[in-house]
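First to last, the protein sequences are chains S and G. Per the working numbering, the first sequence starts with residue 1, numbered consecutively. Per the working numbering, the second sequence starts with residue 1, numbered consecutively.
Since the hints were made in silico from the structure, they are not lab data. Just so you know, these numbers come straight off a predicted model, no measurement behind them. Among the hints, erroneous ones may be present.
[As the list claims (entries may be wrong)] Calculated from the model, a selection of chain S residues having no Cβ within reach of chain G, i.e. all distances over 10 Å:
#1 168
#2 175
#3 180
[Claimed, not checked] Simulated pairs of lysine-lysine, DSBU-like, Cα-Cα distance not exceeding 30 Å:
#4 G:42 / G:28
#5 G:42 / S:110
#6 G:42 / S:106
We put the beta carbon where it would ideally sit given N, CA and C, even for glycine.
The lines below spell out each chain.
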Amino acid sequence: MAVSVAKQGYHLGHHDEHDANHDEVIYRETRDMRLTGFVLFLGTDVVLFSAFIFAYVYLRTSIAPVWPPMVDGHQLPRLDTAFAAVNSVVLFGSGVTMHYALEAWKHALKRRFNLFMALTILLGAGFLGGQAYEYAHARIGGWSGNTFGASFFTLTGMHGLHVFIGVWFLIALWIQTSRGVYDDHRFFGLTAGTLYWHFVDVIWVVLFFLFYLW
Amino acid sequence: MESLAGIEKIVALVGAVVVGVFAVISLKGEWNKTGLDDHVTKLLLGLMAFGCILVLLAAFGILPRGGGA
Numbered sequence: 001m002a003v004s005v006a007k008q009g010y011h012l013g014h015h016d017e018h019d020a021n022h023d024e025v026i027y028r029e030t031r032d033m034r035l036t037g038f039v040l041f042l043g044t045d046v047v048l049f050s051a052f053i054f055a056y057v058y059l060r061t062s063i064a065p066v067w068p069p070m071v072d073g074h075q076l077p078r079l080d081t082a083f084a085a086v087n088s089v090v091l092f093g094s095g096v097t098m099h100y101a102l103e104a105w106k107h108a109l110k111r112r113f114n115l116f117m118a119l120t121i122l123l124g125a126g127f128l129g130g131q132a133y134e135y136a137h138a139r140i141g142g143w144s145g146n147t148f149g150a151s152f153f154t155l156t157g158m159h160g161l162h163v164f165i166g167v168w169f170l171i172a173l174w175i176q177t178s179r180g181v182y183d184d185h186r187f188f189g190l191t192a193g194t195l196y197w198h199f200v201d202v203i204w205v206v207l208f209f210l211f212y213l214w
Numbered sequence: 001m002e003s004l005a006g007i008e009k010i011v012a013l014v015g016a017v018v019v020g021v022f023a024v025i026s027l028k029g030e031w032n033k034t035g036l037d038d039h040v041t042k043l044l045l046g047l048m049a050f051g052c053i054l055v056l057l058a059a060f061g062i063l064p065r066g067g068g069a
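Modelling step: build the complete structure from the supplied sequences, incorporating the hints.
Here you go:
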């Protein structure tokens, strides 16, 4: 009887181990597929932004005789570069803190992970606040008033929407980590969140150059 | 408003140096990793470091050429 129970235990233990290995293999294989899919998704977003960016470059170089364009006989002012530079640093800083959050998670440093996640979300929200402030104070006409305003509000609005979604994405990931969805071996969601966050940072590099430095 | 722009430029300058240094350190840490996510991360961190250089150029008044706010 005892031998039978022990055998059964052995078989169950063996079965569990087999299941765990099987799960690991499935996770690794699907992780690569999901990662490829996510990178392709970022690629489609690059195409989307590229279309609008090329439209802006075309309008600026081919249609408008002077830039910023003239409206009612007056040339529109340039955007506030100094303020945008600070806001850019806030967003780039959030990219670095997100990178450190992921590294902390990989090394099972939960407290450090929580600190960097909180910083990332705060900086992301801060950038959105800065963007809202700039929208309220930009003196370049409205969305439909001229090519400058139309391009600026469309492109930065689209980027701002991505940041807004990104902030909620990070909050959702943070909640998932607190509920034990990820461990220090399986954390695809955090990798995807980090890639997405770096992506919105990099899109801003392009927009910052086009609207404030060019 | 002029002094406010001056303070903003100093904040941007210091921030860009700090963030840029950490971005380069992170990039260095990722350099020998070979996964797809690692390659994408390297590319994005490099571009982010480039963004910090753009902020520095703005803070020093080198860009935009016509002079910023």
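Against the structure, the hints come out as follows:
For residue 168 of chain S, the requirement that its beta carbon stay farther than 10 Å from each beta carbon of chain G is met, with the minimum near 20 Å. Non-interface call for residue 175 of chain S relative to chain G: holds, since the shortest CB-CB distance, roughly 22 Å, exceeds 10 Å. At roughly 22 Å, the least C-beta separation between residue 180 of chain S and chain G is larger than 10 Å, which holds for a residue marked as non-interface. Pair hint residue 42 of chain G plus residue 28 of chain G holds up; C-alpha atoms about 9 Å apart against a cutoff of 30 Å.
Simply put, residue 42 of chain G and residue 110 of chain S have alpha-carbon atoms about 24 Å apart, close enough for the 30 Å limit, and the pair holds. A threshold of 30 Å between alpha carbons decides the hint, and for residue 42 of chain G with residue 106 of chain S the separation of about 17 Å falls inside it, so the pair holds.
Hint compliance for this structure: every hint is met.
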